[in-house]
Amino acid sequence: MIGPPGHRAPGRRIAGVLALLLVVSAFPLATPVAMAADVNLAANCNVSLRSAPSTTATALTIMPTGAVITWTELVAGGAWSATCGSLFTGSTWYAVAAIDGQDVASLYGVPVAYAAASLFRPVDAPAFLEGVDVSRWQGWIDYPSLQAAGKRFVIAKATEGIGFLDPMYATNKLGASGAGLAVTAYHYARPDLNPTNPQGEADWFVDNVGLVPGMLAPALDLEVPGTLGTAALQVWVGAWLDRVYTRIGVRPMIYASPTFWRKYLADTTSFADQGYPVLWVAHWFVAGPTVPANNWSNRGWTFWQYSDCGSVPGVSGCVDLDRYNGTDLTPMTFGADFAVAPAPLAASVPQGGSTAYGITISRLFFTTPIDVSVSDLPPGVSATLSAAHVTDSSTTLTLSTTLAGTPTPVGTYPLTITAIGGGLVRTTTATLSVTDAIPPVVTPPAYRLTYPVKLDATIPVRTIWSAVDPSGIGSYGVQRQVNDGAWVDVSLPATSSTSLIEPLSFGTTYMYSARATDGAGNISEWMPGTRAAVVLAEQTSSSVAYAGTWKSASNAYASGGSLKYATGYGASATYAFTGSSVAWVAYRGPNRGSARVYVDGVYKKTISLYAGTYSSKQVVFAFNWGSSGVHRIKVIGVGTAGHPRIDVDAFVTLTLP
Amino acid sequence: MTQTSPSPQGTPGPSGTALLPTVVATGGEPTASAPAESPGPCQPAFMAARVTAWDGAAGHRIASVELVNTGPGPCSMFAGARVQLMDGSGYILIDGAPPAASAVLVVAAGGVLTTVVQDGNYCGPAPVPPVTVAIIFPDGLGRVVASPVSAGDVSGVPPCMGEAGSAGDIEMQPWSP
Chain A
14 MIGPPGHRAP GRRIAGVLAL LLVVSAFPLA TPVAMAADVN LAANCNVSLR SAPSTTATAL
74 TIMPTGAVIT WTELVAGGAW SATCGSLFTG STWYAVAAID GQDVASLYGV PVAYAAASLF
134 RPVDAPAFLE GVDVSRWQGW IDYPSLQAAG KRFVIAKATE GIGFLDPMYA TNKLGASGAG
194 LAVTAYHYAR PDLNPTNPQG EADWFVDNVG LVPGMLAPAL DLEVPGTLGT AALQVWVGAW
254 LDRVYTRIGV RPMIYASPTF WRKYLADTTS FADQGYPVLW VAHWFVAGPT VPANNWSNRG
314 WTFWQYSDCG SVPGVSGCVD LDRYNGTDLT PMTFGADFAV APAPLAASVP QGGSTAYGIT
374 ISRLFFTTPI DVSVSDLPPG VSATLSAAHV TDSSTTLTLS TTLAGTPTPV GTYPLTITAI
434 GGGLVRTTTA TLSVTDAIPP VVTPPAYRLT YPVKLDATIP VRTIWSAVDP SGIGSYGVQR
494 QVNDGAWVDV SLPATSSTSL IEPLSFGTTY MYSARATDGA GNISEWMPGT RAAVVLAEQT
554 SSSVAYAGTW KSASNAYASG GSLKYATGYG ASATYAFTGS SVAWVAYRGP NRGSARVYVD
614 GVYKKTISLY AGTYSSKQVV FAFNWGSSGV HRIKVIGVGT AGHPRIDVDA FVTLTLP
Chain B
921 MTQTSPSPQG TPGPSGTALL PTVVATGGEP TASAPAESPG PCQPAFMAAR VTAWDGAAGH
981 RIASVELVNT GPGPCSMFAG ARVQLMDGSG YILIDGAPPA ASAVLVVAAG GVLTTVVQDG
1041 NYCGPAPVPP VTVAIIFPDG LGRVVASPVS AGDVSGVPPC MGEAGSAGDI EMQPWSP
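So the sequence lines, in the order shown, correspond to chains A and B.
Numbers 14 to 670, taken from the working numbering, label the letters of the first sequence in order.
Numbers 921 to 1097, taken from the working numbering, label the letters of the second sequence in order.
Mixed in with the good hints, there may be bad ones.
Said to hold, decoys possible - Listed next, the stretches of chain B that the computed footprint assigns to chain A, with coverage defined by at least 3 CB atoms under 8 Å from CB atoms of chain A: (1) 970-978; (2) 1032-1040; (3) 1081-1095.
As the list claims (entries may be wrong) - Cβ pair distances, simulated, as ranges: (4) B/G1010 with A/G242: 28 to 36 Å; (5) A/P124 with B/G1010: 32 to 40 Å; (6) B/G1010 with A/S131: 50 to 58 Å; (7) A/A92 with B/G1008: 51 to 59 Å; (8) B/G1008 with A/P77: 35 to 43 Å.
Source of the hints: derived by calculation from the structure; they are not laboratory data.
Virtual Cβ for every residue (Gly too), placed ideally from N, Cα, C.
Let the hints inform the model, and build the full structure from the sequences given.
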């Protein structure tokens, strides 16, 4: 602020215009140095407004930072200095016609006031919307003229107490909306008449207000305390507000003067804090309103009734002037329209787990209660809402998936969230990703004799395993146990291998076990196969029956040092055994021919033992079953021309003891 | 309530001075048309007023007021008047401003006029009940103090919406027949 040391700005006076004018007359006439046409500037700091362009002139008020002046000319006056961010000095002054849109004449009773120049900045755009509040007092109003005068909203009295309906309410509502003005209604509270029946007053208001989408939030006009004490009046106000909200889903704004709120409602912040954030404050003839309840819990004023005697085209006599603290009334508009949005938009949950979405209802500030539901749930998913009948701005959707029994299938599911209120339906989509929480299903290891391989002190046996999982198999692990000893990890060719060939010794019991890890990292239990042993039956075994002409021959390279052979067409050898696999061991060479192989009486294949060079203990055929059983394998020579010989060196079976 | 007194009702006014159209307030017997010559000004001594009800409006109190011509004949009065909010001790709580020129009404004997008076921003000390409205007649004729709603009524006192010491306001809508 500026001014000589020790100078105190006197209090503002509405009366006493004459005295102020006399003071003004004591100063030299201001000399214009520049003219302006209603230029608006905002104060950069607290700035004194004076009755003349001098620091010794009467200080009419101290304008707060941000106060907007409308100046008409720049005049030369007394020297001044001020600290406003930094030190400023000068001797030019703005001739101020209005502060925050209010004429200084109406505020201070002077035709023009003065503020030191250089302490202001340009105002880009008006920060407010202007409007009026009306009642039957004004009678008929020419709303098109009022609208043309720049007014943008009308707050009309609708009801008072129980039983009083403002006779002009319907006309005002219709006329204002017809002229394109935003309109709403207020109820003049009478706790003095109905100290125990705030609900009755609320019902009377709701029954008569006819609030429809497009109107602004209605208001509760508090200015008659009655004989209720502070606590009882707070209860009364809360009951009225809650009743209206319950009935029409609208949180009304509260009209009160700072004096009333402090004196009769103990300056409570409870309403501002608990769902009633909109204050229509009544504070007349001041540059800026005093906002009770700790600046309405730091929300400030939303509407401000700043004068009770404005002269507005279209209105006969005085009319209350109001201001909206903003330029967009949409947030104050009651609309059935709303939006619904989940957060997060997508969530991931393992089978058997739960996840939650916050469902936000954007009500454009006011709307009716909204019913929320969710659909398109995948199998095995249950949904719960913290509130399905949403009267506030959010609810929580919790989805629980299933693991046991029939698990929720792995996958990504778009869920439809539907919100219904005020006859409107709004939908949105949230995505639920159900991830794999079930370990792979492993098929236990099985054993297979295979060919062609060479028989030695051992025989190569293929062990196979597999697993399935919706998210795929990432890797396998295999262990081996010998003669019921300790399990030992087996090195696999690759982590994804599903078979392994290892030489198994005769007379030894083996067991293999496998497990799998799926793409989601779930690891199965170890899944053991059956015990297995390889059994060698030499050609001399009593289990081998020969037909036709067979000869025995010693051969150092043969299994057991000997073998049998035949050259005649139809000579056969039949081996009867119990097992799950069988292999025929023979000799290959340039003089060997072919034989037909039958298994359990069924022809399987013709095997040629012919080779360019001789090789002994060759597994030339093998056959496998899924389980152990009694079987027969029969080898029949076909009498291959020129080299008809076939051999039986041994048979090998795989048993599952 | 008190009424100041002066010349009898029904005397043609000095001015015959209806600058604006004349309308007629009727009593028990309807008057078909305006008289050719306006009667004299209504005298407070022959006018009775009462506040029939108070209601409120966003910082204001609104009085419904009736004015009856109790004199023997018709009289003329301006449709607008200066009004005051007065307490039971006769103290003027809020003093209104004289109205701009308005239409002249002719009030038949027994005729009733009605209006609404709105006041606002009383920041003074607590008034003495009852609180009512006074209608000031022009040209120093006096005033008519309306009967209050009840002996203890103070419901017409508006709340203080400005700073302490700020002036209140009160005005009326034109009288309606």
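Structure-based check of all given hints:
1. Evaluation of the coverage hint for the stretch 970-978 of chain B: fulfilled, as 4 residues show C-beta separations to chain A shorter than 8 Å, against a requirement of three.
2. Using a Cβ-Cβ cut-off of 8 Å, 3 residues of the stretch 1032-1040 of chain B lie near chain A, which meets the minimum of three, so the contact claim holds.
3. Counting residues of the stretch 1081-1095 of chain B whose beta carbon lies closer than 8 Å to any beta carbon of chain A gives 9, which meets the minimum of three for the stated coverage.
4. With their beta carbons about 33 Å apart, B/G1010 and A/G242 fall inside the hinted range of 28 to 36 Å.
5. Separation of A/P124 from B/G1010 is about 36 Å and conforms to the stated range, judged on CB atoms against 32 to 40 Å.
6. Between B/G1010 and A/S131 the CB atoms are about 54 Å apart, so this pair conforms to the stated range of 50 to 58 Å.
7. At roughly 56 Å, the beta carbons of A/A92 and B/G1008 sit within the given window of 51 to 59 Å.
8. Between B/G1008 and A/P77 the Cβ separation comes to about 42 Å, which falls inside the hinted range of 35 to 43 Å.
Of the numbered hints stated above, none is contradicted by the structure.
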